[in-house]
Structure formats: C-alpha cells, structure tokens
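> Chain order of the listed sequences is A and B. The first sequence maps to residues 3 to 303 in this note's numbering. The second sequence maps to residues 42 to 348 in this note's numbering.
It is possible that some hints are incorrect.
What the hints assert, rightly or not - Cβ-Cβ distance ranges computed for the label pairs, FRET-style:
id	chain 1	residue 1	chain 2	residue 2	range
1	A	H215	B	K276	26 to 32 Å
2	B	S130	A	V32	25 to 31 Å
3	A	E34	B	E143	27 to 33 Å
4	A	H215	B	S239	42 to 48 Å
5	A	E246	B	E147	37 to 43 Å
6	B	K210	A	D146	54 to 60 Å
7	A	E34	B	Y123	42 to 48 Å
8	B	G149	A	T53	50 to 56 Å
9	A	T203	B	E334	19 to 25 Å
10	B	T207	A	K213	32 to 38 Å
11	A	E182	B	E143	56 to 62 Å
12	B	D158	A	W145	19 to 25 Å
No wet-lab data here; the hints were simulated from the structure. C-beta atoms are modelled at their ideal positions from N, C-alpha and C, and glycine is treated no differently.
Residue-level listing of the chains:
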Amino acid sequence: MSKGEIVLGALAPHPPHVVYAENPDQNEPVSEGGWETLRWGYHRLARKLETIDYDVMVVFTPHWQTYVGTHFLGVPRFSSKSVDPVFPNIFRYNYDLEVDVDLSEAMCKAASDAGLITRMMRNPDFRVDYGTITSCHMMNPRWDKPIITISSNRNTHYYSPEVMIEQALALGKACRTAIEDSGKRVVLVSSHSLSHRHFVTESPLPEDMSKEHIYNHSQYVWDMALIDLFRQGKMREAIDIMPEFTEQTIAETEGGGLVWMMGAMGMPEYPAEIYGYQSVIGTGNCIAAWVPHSDKREIVL
Amino acid sequence: MDHDIIKFGLYVPPHPHPLLSPGASKGYQRLRDAFDTCRERIENSDADLIIVYSTTWPSIIGHQFQANPNSEWVHVDDDFHYLGSMPYSFTMDSVFAGACVEKAKERGLQARTVNYDAFPIDTGSITALSLLNPENRIPATIVSSNMYANRSETIVLGKAIRDALTEEKRKAVVVVVSSLSNRMFTEPIDPSEDRIHSQKDDDWNRKILEFFEDGRLEDLSQLSREIHGQIRVQKVVAYKPAWWMASTMGQHNNYDGEVLAYEALNGSGGAIIQLTPSVGSIGDKEFDEDDVEYYRGDRNVLDQGGV
Numbered sequence: 003m004s005k006g007e008i009v010l011g012a013l014a015p016h017p018p019h020v021v022y023a024e025n026p027d028q029n030e031p032v033s034e035g036g037w038e039t040l041r042w043g044y045h046r047l048a049r050k051l052e053t054i055d056y057d058v059m060v061v062f063t064p065h066w067q068t069y070v071g072t073h074f075l076g077v078p079r080f081s082s083k084s085v086d087p088v089f090p091n092i093f094r095y096n097y098d099l100e101v102d103v104d105l106s107e108a109m110c111k112a113a114s115d116a117g118l119i120t121r122m123m124r125n126p127d128f129r130v131d132y133g134t135i136t137s138c139h140m141m142n143p144r145w146d147k148p149i150i151t152i153s154s155n156r157n158t159h160y161y162s163p164e165v166m167i168e169q170a171l172a173l174g175k176a177c178r179t180a181i182e183d184s185g186k187r188v189v190l191v192s193s194h195s196l197s198h199r200h201f202v203t204e205s206p207l208p209e210d211m212s213k214e215h216i217y218n219h220s221q222y223v224w225d226m227a228l229i230d231l232f233r234q235g236k237m238r239e240a241i242d243i244m245p246e247f248t249e250q251t252i253a254e255t256e257g258g259g260l261v262w263m264m265g266a267m268g269m270p271e272y273p274a275e276i277y278g279y280q281s282v283i284g285t286g287n288c289i290a291a292w293v294p295h296s297d298k299r300e301i302v303l
Numbered sequence: 042m043d044h045d046i047i048k049f050g051l052y053v054p055p056h057p058h059p060l061l062s063p064g065a066s067k068g069y070q071r072l073r074d075a076f077d078t079c080r081e082r083i084e085n086s087d088a089d090l091i092i093v094y095s096t097t098w099p100s101i102i103g104h105q106f107q108a109n110p111n112s113e114w115v116h117v118d119d120d121f122h123y124l125g126s127m128p129y130s131f132t133m134d135s136v137f138a139g140a141c142v143e144k145a146k147e148r149g150l151q152a153r154t155v156n157y158d159a160f161p162i163d164t165g166s167i168t169a170l171s172l173l174n175p176e177n178r179i180p181a182t183i184v185s186s187n188m189y190a191n192r193s194e195t196i197v198l199g200k201a202i203r204d205a206l207t208e209e210k211r212k213a214v215v216v217v218v219s220s221l222s223n224r225m226f227t228e229p230i231d232p233s234e235d236r237i238h239s240q241k242d243d244d245w246n247r248k249i250l251e252f253f254e255d256g257r258l259e260d261l262s263q264l265s266r267e268i269h270g271q272i273r274v275q276k277v278v279a280y281k282p283a284w285w286m287a288s289t290m291g292q293h294n295n296y297d298g299e300v301l302a303y304e305a306l307n308g309s310g311g312a313i314i315q316l317t318p319s320v321g322s323i324g325d326k327e328f329d330e331d332d333v334e335y336y337r338g339d340r341n342v343l344d345q346g347g348v
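If we strip away everything but chain A, and leave its shape as in the complex, we get (with noise of 0.2 Å):
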C-alpha cells in the first residue's frame, strides 16, 4: 500500500446563504442569488478539484461543539434533513451522505494514542452539522466522496487560545499520521469564517446585495492581515497571531479548524491560493486552498 497523502486543504466558510443562494433541489427555500463573489470562488474551487484525484473530504467544523474531547463521525451513512437554528428561513437541506468509517476509526484512535480525549459518534440519529453540509455541498455538490466529520472541542472558552492552539495541532498531526497509514488521498476541509461579528437584523430579502457589508472597518483590516499572510505562505506568523485575532474579531478561527489543518499540513510555507472573500451577514468569509504539489498550485486571485 503506497503511504497516503493530504492533496489539498481549503478554508471554506458555511454560512448557509450561500446554498441558499445556489437553490440547489436539496435545498428547500429558494432565492434570488447573492454573494457571488463567495459562490463564484467555490465554484473555482470545486472545478479544481474535480481535476485532482483524492478519496475522501475530511471536515473539521465549529458547529459540532463538543466539550467533553473530540468526536468523530463513526456511522456509514446518514440521509436526513439539516435545518439551521438559526437561520432556518434559508437552509432547510436534505442530504444522504456516506461517512469513511475506517479513516475515522483511525484518526480517533491516533489522536488518542497522542493522548487527545476523543469518542467515535455511532448514533444514527445524528443530524449531521449545518456547517460540514455547507461546505462540502460548496466544494462538491455532487457528493461523490465519502466525508468525515471532527466535532470541534472548545478548549478556547474553556482554557484559552493558548491551550486550543495547542491541542488543535496535536490533533492535526495525529490525523496526518492516520492518512498517511490509511494509503488514501484526502482532502481537508476547514470549515469557519474569519471574522464573526454578525448582524442582528436581517433584510426582508435575505439575498438584498444593497445591504450586505462586513460588520465594522476593524473586521476588515483584521480580515486582510490573516490573508495576507496566507498569500505569502507564512502559517506559523498566521497562528501566532491567531489568539489575539480571534479575541479582536470574535473569530471563528476560535473552533480550531484553521489551526488543525495547519497541524496536519505541517505549517506550509507556501502561497495559499485565494478564491474569494466576501461579507455574509457581516462576517469575512474567506475561500483558500493549500495544496502541497507544487505543480498543481496556482495564483487564482
């Protein structure tokens, strides 16, 4: 067996409005458009990938908190409805996934010989995260590749950015070690905004372009920084800073999805390519990709 790899990692934001945005027939509401600048990018993105050979989506996502360690999906197959707390006016989606149990398996069990606290989701029940739906609808609607959900462990409220930080890269390097084990091509996915400062208010028309901006001037700026520091392929400088970010921006870069697929790449030191980055209620949502072969990067944006 030939030793696995990470072929591509992508940031890739979830707010719902963009499947809203798209009307896929999974999606039950249905809407005029918007964020194209965010949609066109996925677009981009998803069009890559069909280009480069890989066997399984591996999400991390901050809307599968758990507290008491991390947990991974651990069931074959899950077909049911996500509905979105907090913006069920827009995301009512019906999705019929397969899980890589085997890779899941093996990740947890990594993580814990590296001493994380984790436990395998077996739960049928389960409703998959709005969030892992989101992106991976974005990155391959056509649900080819089987996925693997990592709840996201809240060690920054519980601890401090610090601890998350650290632990956020024990677990990534844990996961390399069982991909590159497994002998499968993976890409990682994580799944979080940038800055997260939201509006309270929403538009009569959600897709209303008029209306959407990013939250604040110090959003933005903020925004800017991290992405140009992934432009210019410095990671370890974009996790140090990571901590006071997240505190100035309410960052969902608390979750510790950036950080782990940081971990598990091994800090790149090569230019990110950027797809898009655009305001969804308020908060910077940035579309990037690191991909290790240097033949099949790009300058995108």
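We have chain A; now place chain B onto it with these hints.
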C-alpha cells in the same frame, strides 16, 4: 397580579442525563425525581401555557419563538450522543408565539416565530418539556437566547412576554433552562463519581441557591454580571437567564422559593428550583441600574467622535 399571569417559575438544567440516564447516579435520579415533582405541580395548577427560555438555543437574528404546532423529530445531543436518541413531539402555541413577537416588536426588539418541519429543538428544551409536560397537556413555546443580547435587551424581552401574557389573559409556568456554574469536566467521568467541577463553583452555586430559596430573584438579576464572571465559562456575552426570568416574572423579590434538587451534571451545577409569586418580601438591596422599557439598540458611542 403576578398570580394571574405567572403561576410559578422553574429553573432547570439543560443536560440530558435526567431524561436519558437517571439511574446512572443517585444525583441524576434526584434531579429526575425533582423534575417529576414539578411535572405534578404543573398538572395540579391551572396553568394553560409553558414558556421555555433555553440557553441551549442560541439565536443571532433577534429573538426566535418556536411556533410549529406539532414539533416532531429525533434529536441527538452533540456531546452525549452515546446516552441515546431523544424523540420528541411537542405541542406549541403558535398563536401565543405570534403575540410575543408582536409585543417584542412594539418594544423595539427584532423577533420572529419559527415554524419549520424538522427544526432542531435543543437538548435543554427537549429535556425540560419531555419531563415536565410529557403528554403535551399544556401547549408551550420556546424562546431563544440571542447570543449578542445583553441586559437591556433581555429585560425588555421579558417585559414583552409579560405584555403578551396580559393581553392574551394566559396563565403560564415559566421555565428557564440553564446550568448554574457551567464548567464541565473535559474528560469522561464515571457518573457515580460526578461532582461540581470546583469548590469555587460549588460555593457560588450554593450562594445563588440561598437567594432563590429566599425568593430574591430580582437580587439575582442584579448579580448576573458578577455570576457570569465568577462561574460561567465565557461562551456568550453575559449570564442572561436571571435577567429574563426576573423580568418575565415581574422584577421583584416577592416569591416563595424552593430548591428541589442541586446536583452535578458532568461537573456543571444542575439545580431544579421553583419560585412562586407571593406577597412577602425579602432582601436588603436597592438598585440604580436603569429599568429599561424599550430597546433602542446600541448607543452608537463609537460614532460620536473620533479618537
């Protein structure tokens, strides 16, 4: 006056253990027994409505009121999925939910009803309604906890619900779903060895319980910020349940308080408390924080001048 619209208030924990695994520890069983006592008291009251404020249903777009007349699904908790599934079928009072939205808007709040098939009702609400109202004898509505709301907004929300109760001439049992101290153990534990996470959390919980037993709900409301700083993991901006409960129940200290159970739930403080409006009064504090009637949003201090 309060007796007319609020029969009594309950403060209950959000964790699923009393519903799914009461026999796993003596403490969980005591909580379950207390839930059962409260169920009987609701049945023996002439309440015609249950209003649940759940800290495990966060909202962003203002305040959401559950209005699906028959909310049905099978829920699984994010952390405690191994304890089992939580099928539910709840009767919601969509008319009253709509009245709450109307009154909330009249007081300057953003609010809406939610009425969608398969809407994910939260663990805390399911646990509370399953144990307190298992036969759907009384209709309910569930109120979300806005993650950005602070004191003024939460106080006004409670007043809006009182407006709706008064106008609709309803007799409600108010249920707050929240831990006291909310720090859980982050490693698996043997349920039979469950305990409050720290001595400090336990000390604060017991002080809060003293206030509850004395009926000093408004005093607790005034102490919310201190409680948040001392024993709450800082997941949201403030500890809001006491603000909401006090405001909805009339903003005073005139209650008969009873602590039916206080136990650890994976380290957090789980208490079941009943507050019944009475004519007595206790307390030795006076307050100078503004009693806001209408929510005007942020004060836009940042826009008033450059640095």
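> Of the hints given before, which are not true for this structure?
As far as the earlier hints go, not one is violated by this structure.
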